[in-house]
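There are 2 protein chains.
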Amino acid sequence: MSENPIELERVLRTDLSPDEASRVSELLTNTRIQDVIRLVERMPAAKAGVLFRLLSQDRALTVFEALDARHQADLIGALHDEDVLRYFDEMDPDDRVSLLDEVPAEVADELLRTLEKSERDITGIVLGYPRGSVGRRMSPEILVLYQDMTVGDALAILKRRASEIETIYTLPIVNRERKLTGICSFRDLYTADPHQHLSDIMAEAVSARANDAAESTARWLLTLDHLAMPVTDETGRLVGLLTFDDAHEIVEEADTEDAARGGGHEPLQQPYLSTPLAKVVRSRIVWLLVLALSAIFTVQVLDSFEDTLATAVVLALFIPLLTGTAGNTGNQAATTVTRALALGDVRKSDVFRVLWREMRVGFFLGTLLGTLGFGLASLVYSTQVGMVIGFTLVAVCTMAASIGGIMPIIAKAIGADPAVFSNPFISTFSDATGLIIYFMIAKAILGI
Amino acid sequence: MSENPIELERVLRTDLSPDEASRVSELLTNTRIQDVIRLVERMPAAKAGVLFRLLSQDRALTVFEALDARHQADLIGALHDEDVLRYFDEMDPDDRVSLLDEVPAEVADELLRTLEKSERDITGIVLGYPRGSVGRRMSPEILVLYQDMTVGDALAILKRRASEIETIYTLPIVNRERKLTGICSFRDLYTADPHQHLSDIMAEAVSARANDAAESTARWLLTLDHLAMPVTDETGRLVGLLTFDDAHEIVEEADTEDAARGGGHEPLQQPYLSTPLAKVVRSRIVWLLVLALSAIFTVQVLDSFEDTLATAVVLALFIPLLTGTAGNTGNQAATTVTRALALGDVRKSDVFRVLWREMRVGFFLGTLLGTLGFGLASLVYSTQVGMVIGFTLVAVCTMAASIGGIMPIIAKAIGADPAVFSNPFISTFSDATGLIIYFMIAKAILGI
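In order, the protein sequence lines correspond to chains A and B.
Those letters in the first sequence? Residues 5 to 452, per this note's numbering, in order.
Those letters in the second sequence? Residues 5 to 452, per this note's numbering, in order.
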């Protein structure tokens with residue numbers, strides 16, 4: 005990376021004098037576009053607004069288009085109205101809809117009103133599909149090629165209209181009722197005999213329905229290494245195209261969401277450093293409260309064993325070790341299964357296969373740790389304490405791995421996000437259950 | 005999804021009689037290719053081997069190519085040698101190298117020996133770059149277009165050679181020393197005046213060096229929505245092309261690795277259900293042992309406060325609640341920053357900005373939880389206990405968020421994977437530190 009972005013970032017931290025503004029403007033002209041994007045991603049909205057005014061119109065548009073929708077929405081207040089309208093007008097319909105989802109309803113209405121009728125209509129198509137569906141993320145601007153056209157005709161149309169269309173490399177082919185009948189790559193079209201009909205050269209299309217879930221469709225598109233996938237309505241008519249870059253964006257958002265929820269908070273949906281502090285707090289506080297309140301259950305469990313604890317204070321020493329190990333074992337299983345569910349490797353119907361696998365894995369891990377724990381605790385404390393620790397580890401590891409493995413599947417089955425039921429909830433749950441197991445085993449072995 | 009894959013999966017669970025084999029073969033022919041891939045991904049290698057023998061040659065190759073390299077390596081033993089050689093011969097050089105990385109050295113040598121010289125040479129180019137570099141994942145088979153060619157000439161070359169080349173939509177352009185001077189999309193080439201020179205229509209190329217890190221380059225390519233990025237050597241000569249589908253694969257592997265390590269285990273690198281149980285155990289046991297051994301530190305901390313505990317057993321009741329909350333707060337910060345580092349939103353030099361943000365966030369969260377904790381514990385136990393809990397929550401949340409925020413950055417600075425130092429280690433670390441804070445505050449307030 006060149007020096008420009010670093011110098012720019014330093015200068016932009018303070019308020020700009022008119023003199024510095026021209027210096028920044030000059031620096032900006034010589035900074036690579038990807039570095040300018042990075043710079044904006046790392047700035048609070050107010051500062052970024054200043055920077056936008058110093059960029060050329062073209063570059064400003066490119067930068068704006070590269071930002072997350074949530075970030076774009078934050079920026080709107082810091083930009084000149086006419087700039088916002090221009091960006092909005094130039095955006096692809098699917099990106100436009102993502103932005104509309106993030107702004108207040110009255111702003112959305114106002115923005116939509118400024119569009120030309122044809123653009124508003126095409127945006128309306130995308131807006132008509134539910135959030136999280138393929139239709140909401142597809143490009144509705146497509147070139148319609150009929151199967152009874154010749155290759156030569158299709159190439160001529162492409163040459164004329166190539167610049168208006170988002171992607172020309174994947175070409176869906178339809179019959180006269182506009183129903184999808186096949187697909188053809190620009191490469192195949194280009195190298196085919198111009199007199200052939202499209203129906204002769206087209207291949208079977210892997211397509212999606214507009215109402216399908218966006219995430220799983222996007223993962224399929226990327227697994228199959230396709231550049232784009234045709235999207236049809238329920239009757240098989242072609243309505244759009246989901247492109248690989250939109251697919252990647254969908255997958256990245258889903259992975260960021262999973263990473264966040266696995267860590268016990270909501271995703272920020274915009275770059276960390278440009279997120280206002282209050283939003284960071286808001287993304288965490290609800291989770292933290294819910295988890296802390298569930299942890300009160302552990303206080304109650306321990307409260308009910310207070311006499312046992314008072315008789316053998318030594319038992320208290322192992323509480324964090326045991327709950328920690330149970331939590332770790334549960335997390336391991338939960339993250340594995342959550343990721344496998346996200347990637348489509350595991351389905352809801354696999355719940356018993358997963359349970360059986362995780363029980364065995366947990367038992368094996370527990371036996372290993374338990375043997376070690378027995379040895380160490382016997383040496384330092386007593387054989388009886390060693391036995392308590394050993395047996396507890398076997399039991400809690402088996403329990404935690406099993407619960408950790410099936411919780412994400414259960415979450416999915418009841419329509420919740422598996423990541424929500426993964427790490428932090430497993431920890432809290434296995435803390436309480438683990439403590440009960442611990443004190444039951446202790447009471448039995450120590451006879452108290 | 006049709007019924008075929010489900011019926012197939014049921015039939016394949018048992019050993020096949022010759023009669024069933026022909027039935028499966030028929031079912032397979034009518035199953036969509038993506039469903040066959042899913043099926044193989046969910047099967048142990050031995051079973052999948054049987055299935056491969058029932059697929060047509062073409063479909064078998066497509067399925068094999070769609071699998072992870074680790075999974076392919078597992079399958080090699082279950083397939084006929086001649087099939088393996090045929091798949092290996094047909095693979096793209098970069099995928100071939102990924103597979104070679106996963107098989108034992110003697111198998112790799114044997115496989116390489118079977119290749120034709122030209123194929124072996126081109127595979128050798130990719131093999132020459134270090135693991136984790138762009139060079140290791142690029143396509144070395146590229147079309148070389150010189151800037152002094154005309155558009156018409158370039159189109160003619162493309163028409164002739166389109167079928168041999170992995171991607172023809174992104175066209176890097178070089179000078180007579182083969183140094184990259186620009187880039188042109190097939191779309192622009194196709195719509196340009198045939199008499200122009202490529203130097204007139206080419207755009208500035210965003211390129212990568214072969215020795216650059218694969219993950220960050222791949223993320224850039226996908227952020228910029230490019231189909232491919234030219235790759236050059238240190239002197240600027242064109243050596244290959246990194247395509248969007250390889251970029252996506254790189255990013256997905258990295259995200260899976262982060263998800264696994266954030267959950268305290270190593271990634272399986274192949275679908276969960278097809279992974280042998282022993283491999284699942286191996287991916288977790290080292291982490292679990294290391295974490296359990298670090299947790300012994302918490303036993304020591306509590307041991308040193310045993311007198312305090314014996315005097316006020318009530319303190320033991322809150323141990324899981326406090327360590328759990330500290331762990332959750334730390335995890336929240338750690339996962340946010342780990343993801344931001346992976347996406348490039350946060351850099352090493354931001355360590356103090358992150359620390360300052362997280363200290364404030366942690367303090368705010370701690371104050372909120374602390375007030376609540378004070379209220380509840382005062383009601384149920386005593387005001388003194390309430391004060392201990394309240395102050396401890398403020399202190400541990402501030403501490404845990406700060407540590408959680410900077411640990412991933414420190415990990416990155418010392419060249420470790422930030423995800424390794426995220427969730428589970430933060431939990432163990434904040435457990436021990438939190439306990440010390442807790443008992444110090446308790447001793448001060450309760451005067452014991």
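Take these hints with a grain of salt, some might be off.
For chains that are exact copies, the list does not tell them apart, and a pair is met inside one copy or across any two.
Subject to a maximum C-alpha distance of 30 Å in a straight line, what follows is the list of computed DSS-like cross-link-like pairs (lysine-lysine) [what the hints assert, rightly or not]:
#, residue 1, residue 2
1, Lys447, Lys51
2, Lys283, Lys121
3, Lys163, Lys447
4, Lys352, Lys283
5, Lys283, Lys416
6, Lys283, Lys51
7, Lys163, Lys416
8, Lys163, Lys352
Derived by calculation from the structure, the hints in this document are not laboratory data.
Evaluation of the provided hints:
Taking CA atoms no more than 30 Å apart as the test, Lys447 paired with Lys51 passes in neither setting, with 63 Å inside one copy and 48 Å between copies. Taking CA atoms no more than 30 Å apart as the test, Lys283 paired with Lys121 passes in neither setting, with 36 Å inside one copy and 59 Å between copies. Taking identical chains as interchangeable, the C-alpha atoms of Lys163 and Lys447 are never at most 30 Å apart, the minima being 82 Å within one chain and 81 Å between chains. In the homo-oligomer, the alpha carbons of Lys352 and Lys283 lie at most 30 Å apart only across protomers (23 Å), although the nearest pairing inside one protomer, at 34 Å, exceeds that limit.
Within a single copy, Lys283 and Lys416 get their C-alpha atoms as close as 27 Å, and across copies as close as 26 Å, so both meet the 30 Å cut-off. Within a single copy, Lys283 and Lys51 get their C-alpha atoms as close as 18 Å, which meets the 30 Å cut-off; across copies the closest is 50 Å, which misses it. Taking the shortest Cα distances, Lys163 and Lys416 never come within 30 Å of each other, neither inside one copy (47 Å) nor across copies (49 Å). Proximity of Lys163 and Lys352 under a CA criterion of 30 Å is satisfied in neither setting, with 47 Å inside one chain copy and 47 Å between copies.
When each numbered hint is compared with the structure, violations occur for hints 1, 2, 3, 7 and 8.
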